[in-house]
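A.B. asks: In case you want the letters, here they are:
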Amino acid sequence: MNELVVLSGKGGTGKTSITGALAVLAKEKVLIDCDVDAANLHLLLDPIIEEKFDFYGGIKAKIDQDICTKCKRCSEVCQFSAIDDFVVNEMACEGCKVCFYECPVNAISVHNHLTGEYYKSSTDYGPMVHAEIGIAEGNSGKLVAEVKKVARELVDKEQLILIDGPPGIACPVISSLSGADFALIVTEPTVSGVHDLERVVTLIRQFDVIPMVCINKVDLSDYQVEKIENICITEKIEIVGKIKYDPTFVDALNQGEPIIEFDENNESSKEIKKMWSKIEKIINSY
Amino acid sequence: MNIVIASGKGGTGKTLLATHLAQGVSEIRKVELLDCDVEEPNSHLFFNPEVLHMEAVKILSPEINSQHCIGCNICSERCEFNALSVVNKQVIFFPELCHSCGGCIIFCPTDAITKGDKILGKIEYREADNFEIISGRLEIGSALAPEMIEKTIEKANKNKISIIDSPPGTSCSAIAALSNADFSIMVTEPTPYGLHDLKKAVLVAKKLEVHVGVVINKYQDDKDIITQYCQEENLPILIKIPYSKDIAEKYANGKLSINLTHELRPIMDEIERMVENE
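So the sequences go chain by chain: A and B.
Taking my numbering, I'd label the letters of the first sequence as residues 1 to 286.
Taking my numbering, I'd label the letters of the second sequence as residues 1001 to 1278.
Keep in mind that a hint or two might mislead.
[What the hints assert, rightly or not] With a straight-line cut-off of 27 Å between C-alpha atoms, the simulated DSS-like cross-links for lysine-lysine are:
hint, chain 1, residue 1, chain 2, residue 2
1, A, Lys236, A, Lys270
2, B, Lys1118, B, Lys1160
3, A, Lys142, B, Lys1122
4, A, Lys27, A, Lys273
5, A, Lys149, A, Lys52
6, B, Lys1206, A, Lys142
7, B, Lys1207, A, Lys52
8, A, Lys242, B, Lys1250
9, A, Lys244, B, Lys1255
10, A, Lys27, A, Lys149
[As the list claims (entries may be wrong)] Some but not every residue of chain B turned toward chain A, in silico, with C-beta under 10 Å:
hint, residue
11, Ala1156
12, Thr1170
13, Ser1171
Just so you know, the hints here were simulated from the structure itself, not pulled from any lab data.
Ideal Cβ positions, reconstructed from N, Cα and C, are used throughout, including at glycine.
Extracted from the complex, chain A is given alone in its bound form:
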């Protein structure tokens, strides 16, 4: 079993569209959408939900006003300023239970908190696990960990777990990277893209993960492409694909199809096919 996670640092570089295309090309695999904050892979792969699960991503404290003696111990110990006027603000509560243990009259209880749901689905390209975080709910990193756990249970006969990752470098990205074997970083030749690539590469170095780079919208700036190439040389990262700015991606998305299904002979589709054979080679060499 191998895990390939598609990341970017910067948002909107093309992670989901490229993951969707790779989903068509990869043979035996399970798909995961780990961008649970803004999950979009289902818009391309049109999954049929087979099982739906509630996700309790944490606990929240509650103060029983009939027992509370208003001693203020709870708000003194709360590091998250989550207790205001002896009422718990659920949005700020981290579920650390410190108030629960410290309350001298046992006025505080904790309860499981529903933060989202996740789905086992089927697509034309194989099984898919995806999730939806509740409105204004936190703990997306835990939901990512849960979705990955479920996918790993499905994978025994399959070869690959292909993961559409979240942008950034913090909690949900760290969760997506843990246990991954390979990372495809989709970047773009802009000052922001280059800056964010450097940060995500530094993060990946803290994990036992082999990185590869795909430069999307490669014709936007030769100067920034050169900068990306230099980073990849210094970091010894292979650039596996270079894709030009191509409105066909949006046309395919409007049609709800991965670009390779939408137009197999399109330049970008051909480039992604070439890229996939390079990625397969790298995966098979380990």
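Once you've looked at the hints, dock chain B against the given chain A.
C.D. replies: For chain B alone, coordinates are given in the frame of chain A:
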């Protein structure tokens, strides 16, 4: 006044809008640009990059003195984040899992765990022509982006208009930025991805009771799905920015477009109106 530039989906043009808007507003009002996309702060790249001043942001972290540990295990039993385990009277601490709740420090009966701190990130101060840029930068490897966002927003100057560039997404980080908003501008693009994530971000803003205006970037025509959605939901569309190769190339190389700053006039008028009603 905090104006939070948000989006749901990444790469729709938050930083493009925040930088140009700060530049535009600076000509008429006292303004500052706060970069709260602490995982990937990029706004400063479009101005003078020199850091004038920098401060470290620290957060509570337990310090362990195993000599005092009696192996009672209370700390690891009570840690909700699995950040502590006790083996042979040795406390093993996993800093990447710690949420800085301080519980273990309070619970330890022998004071083997005391109050320390760790670096969460840093705040960088830079000067553009007419305004200050304050950027929060999360330490790489830290998961605590929302805490870093809070610490960055605390630096907002109440006497200025603060244009706040925020992270994509709709969970912890986006909530941390939006919770502090007086008004939110959601930047989106007319694609199914853009619409899906905008809907989610708008629901978050509604729950937080923050008013929303929408900017459609890479706009094509009036039949687009975002315009339709905004009409249905009665959301004001502040401006529509057509796709421009010139803006994209300037942006790629870290340059602002004067033409785009001029196009932002309707948003600046809206901000003026809000300032006067304050």
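A.B. asks: Sort out which numbered hints this structure fails and list those numbers smallest first.
C.D. replies: Numbers 2, 11 - these are the hints that the structure violates, sorted from lowest upward.
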